[in-house]
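Starting from the given sequences, assemble the full structure and let the hints guide the process.
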Amino acid sequence: MDPRRRSVADIAIGQRGVIATAAGSRAKVLDRLRLGDAAFRHLTRAAAVGVLLLLGAVIISLIRGSIPALKTFGFGFLVSERWNPVTENFGALPAIYGTVITSFIAMLIAVPIGLMIAFFLTELCPQWLRRPIGIAIELLAGIPSIIYGIWGLFVFAPFLQETLQPFLIKTLGLAPLVGPLFGGPPYGIGMLTAGLILAIMVLPFVTSISRDVFEAVPAVLKEAAYGLGCTTWEVTRNIVLPYARVGVIGGIMLGLGRALGETMAVTFVIGNAHRISASILAPGTTISATIANEFTEAVGDLYTSALIALGLILFVITFIVLAIARYLLLRIERRIG
Amino acid sequence: MAEQLVQSRYRGRRRRNAIATVLALAATAAGLGWLVLILGALLWEGFSGLSIAVFTEMTPPPGSAGGLLNPIVGSLILTVLAVLIGTPIGILAGTYMAEYGRHDVLTTVVRFINDILLSAPSIVVGLFIYEVMVAPMGHFSGLAGGVALAVLVIPVVVRTTEDMLTLVPNSLREAATSIGLPRSLTIMHICYRAARAGMLTGVLLAVARISGETAPLLFTSLNNQFWSTNLNAPISSLPVVIFQFALSPYKDWQVLAWTGALIITMAVLALSISARALVATGKQS
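Keeping their order, the protein sequence lines are chains A and B.
Using this note's numbering, read the first sequence as starting at 4 and increasing by one per residue.
Using this note's numbering, read the second sequence as starting at 167 and increasing by one per residue.
Please keep in mind that the hints were generated in silico from the structure rather than gathered at the bench.
We put the CB at the ideal spot given by N, CA and C, even for glycine.
It is possible that some hints are incorrect.
Distance windows between CB atoms, simulated [unchecked claim]:
id : chain 1 : residue 1 : chain 2 : residue 2 : range
1  : A       : G182      : B       : I185      : 47 to 55 angstroms
2  : B       : G206      : A       : S83       : 43 to 51 angstroms
3  : B       : P227      : A       : R133      : 49 to 57 angstroms
4  : A       : V89       : B       : G229      : 46 to 54 angstroms
5  : A       : E226      : B       : L435      : 45 to 53 angstroms
6  : A       : I279      : B       : R175      : 48 to 56 angstroms
7  : A       : P183      : B       : L272      : 48 to 56 angstroms
8  : A       : R37       : B       : L333      : 23 to 31 angstroms
9  : A       : L180      : B       : I185      : 26 to 34 angstroms
10 : A       : Q130      : B       : G199      : 20 to 28 angstroms
11 : B       : L203      : A       : G77       : 25 to 33 angstroms
12 : B       : T332      : A       : V181      : 45 to 53 angstroms
13 : A       : R248      : B       : L203      : 27 to 35 angstroms
14 : A       : P183      : B       : A168      : 44 to 52 angstroms
With the Cβ distance kept under 8 angstroms, some of the chain B side facing chain A (calculated, not the full set) [what the hints assert, rightly or not]:
id : residue
15 : G197
16 : I204
17 : V220
18 : F221
19 : P228
20 : M263
21 : L366
22 : L384
23 : A423
Written out as C-alpha cells, the structure is:
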C-alpha cells in the first residue's frame, strides 16, 4: 500500500509512534493532540500578530532614527531647500518636490494609457488575444526596477536628449506660461525622464486593476446601453467608467504608491541635484534616490538621521496613499462580491 | 433640415468612436512596444557580454576581464535565506487568517496592513533593517540583507496562503473533523495539501519579487568584491553589483552590468512564468 494513502486516524495517532491500546495511553494521546492543536493555533496567531508588529517596528525604528535631525531642524526640515553635508544643514523640500513632480508626470501619462489599454482589452480585443496581451502588459510589472534604471540611463535618456527634449524646448519652451517648465538645455537625465520611466513601471498596475473592475461591470448594464444604440466608446465612457470609478481610483492610488516609493529606476536617471528647478527637464532628486545615493557615504549622526527622516516622510506619504487605495478597492470588492 | 442635423450627429458620434478605438489601439501598441524595447535592448546588450567566464570568474577590478560568480552566488544565498526566514512566518500568518480567524477583527486589520506592506517602498525596509540590525551589530552583513529581503517575502506569502486556503472547500475540513482529526492536523494534512500548488506559487512570486531588489540591500548586505559566503560579513549580490558597475565610467564594468541585468531578468521572467503555469495546472485538476 502507498504509505501516503494511510487512513486519517493513522495520521493522527500512528504518526506519533504511539499505538493506542489501553484506555490510559489513549487519553494520553488525546491530551497530546489537544496540546499540539492549541500550540499550532497560537503559533499561527502569533505570526499574524507578528505582521502587525512588523509594521509597528518599521514606524518606531524610523521615528527613533530621525529624532536627532527633527530635533535640530524642527519643522524647518520640511520646508528648507538647503542640503549641505559639509555644514550639516539639511532640508527635505527639494527631495519631496522631486518625488511629487516625478510621480505626477508618471500618473499624467500612465493613467490615460492604462485606461485605454483596459478599454481595448475588455471591449475591443478579440477573445483569444486578451490573455496574451494582458500577460505581456503584466510582464512589465515583473521586470526588476534596476533593469528600468540601466535601460533608462543607457538607452532612454540619450534618446530623449536627442529627440523629445530639444523638440519640447523649441516648441513648448517658447510658449507663454508653460515656457519655464521646458527651459534649459536638454540634459537627457532629469525629472521628465524619471517621470516617463515611472510611467512605464506604473502602467501595468493601472491597467490590470482597471481591466479587472471593467470586467466586473454587469453585462446587463452594458447590453441595455448598446440596446439604446450607444457606440462602444459611449458605453465605456458613460456606463463602464462611472460604474467602475471607485475601483479605477483605487488602482491609480496603488500605482501612485509605487511611483512615490520607487528607488532604483529613478536613482539612475534623476541626476541627483538638490535643488528645485522651474524646468522639468533639469536634474533633481527624490526622497528614495537621495537615500540610495547618500546613505552609505553619510558621515556623522546628523547626516544619517536626516536621511532616515526623509525615509520616514516617504513612508508616511506612501502609507496614506496606499491606505486610501486599499480602502477604495475593498469597497468595490464588497460591491462585486 | 432636421434630418441633416440627425445625420451629422450620427457622424460625429461614429467619428468619436473611431478616434477612441484608434487611441485604444495606440495605447496598447505603446504598452507592448515598451516591453519589446526594454527586453530587446537587454538581450542585445546582455548577450554581447555573455560568456562562460561570467559564471566562473570573480568581479574584476576596473580595466580587466572577469565575471559575476561572487554576486551570483551571493544573490542565491540571500534569496534562500530570505525564503527560509520569510516563508514559515508568512504561511503561519496566512493560515491563521484563513483557518482560525476568518472573520476576526485581527484578520481584517492584518489583511489591510499586509496589503500596505506588499507595496511599501523597499528602500524604507532597508533603512529599517539598518536601524535594527546593522547599526547595533556595528557592521554590514549578509544576514541583514537576507532579513531585509525576508521582510519583502512575508506579505507576498501571507497574501497567497490566505487566498489559496480560502479556496479549499469546507466539505474537506468537515470530512476530516467528522472522523476525529484535530484542527491542526486537518490544516496540515488536508488543507495544505489541497492548496499546495497555490502556496508554492506564492513562494515563487516572492522569489521573483526579491531577486531583483536592490534598494534594501544597499545598506544591509552592502557589497563585496571578493569571494565570500560568510553571512556575518558584507556579501556581494547581483543587483547591487549592477548598480555599482552601470554607474561606473569603465566600459568593462558596464558590459558586465548589462549581462547581470540579463541574467536577473531571465530568472525573474522564468519564475513568474512557472508560477503562472502552476496556477493553470492547479485550476485544471
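(message) Holds or violated: the 48 to 56 angstroms window for the beta-carbon distance between P183/A and L272/B?
(response) For L272/B against P183/A, whose Cβ atoms are near 53 angstroms apart, the range 48 to 56 angstroms holds.
(message) Between the beta carbons of G206/B and S83/A, is the distance compatible with 43 to 51 angstroms?
(response) holds, 44 angstroms
(request) With a cut-off of 8 angstroms on the beta carbons, see whether P228/B makes it to chain A. (result) The hint is violated - P228/B has no Cβ within 8 angstroms of chain A, the shortest such distance being about 18 angstroms.
(request) Starting from the range 47 to 55 angstroms, see whether the pair G182/A and I185/B falls in it by beta-carbon distance. (result) violated, 30 angstroms
(request) Confirm or reject the claim that T332/B and V181/A have a C-beta distance inside 45 to 53 angstroms. (result) holds, 51 angstroms
(message) Within 49 to 57 angstroms: is that where the Cβ-Cβ distance between P227/B and R133/A falls?
(response) holds, 51 angstroms
(request) Starting from the hint 23 to 31 angstroms, judge whether the C-beta atoms of R37/A and L333/B obey it. (result) For L333/B against R37/A, whose Cβ atoms are near 29 angstroms apart, the range 23 to 31 angstroms holds.
(request) Let me know if the C-beta of G197/B comes in closer than 8 angstroms to any C-beta of chain A, holds or violated. (result) holds, 5 angstroms
(message) A range of 27 to 35 angstroms was offered for this pair. Does it hold for the Cβ distance of R248/A and L203/B?
(response) Holds, at about 32 angstroms.
(message) For the restraint on M263/B, tell me whether the closest CB of chain A is nearer than 8 angstroms.
(response) holds, 6 angstroms
(message) Is 46 to 54 angstroms respected by the C-beta to C-beta distance linking V89/A and G229/B?
(response) violated, 32 angstroms
(message) Does the beta carbon distance between P183/A and A168/B stay inside 44 to 52 angstroms, or does it fall outside?
(response) Since P183/A and A168/B have Cβ atoms about 51 angstroms apart, the given range 44 to 52 angstroms holds.
Violation of the numbered hints given earlier is confined to hints 1, 4, 5, 11, 17, 18, 19 and 21; the remaining hints are satisfied by the structure.
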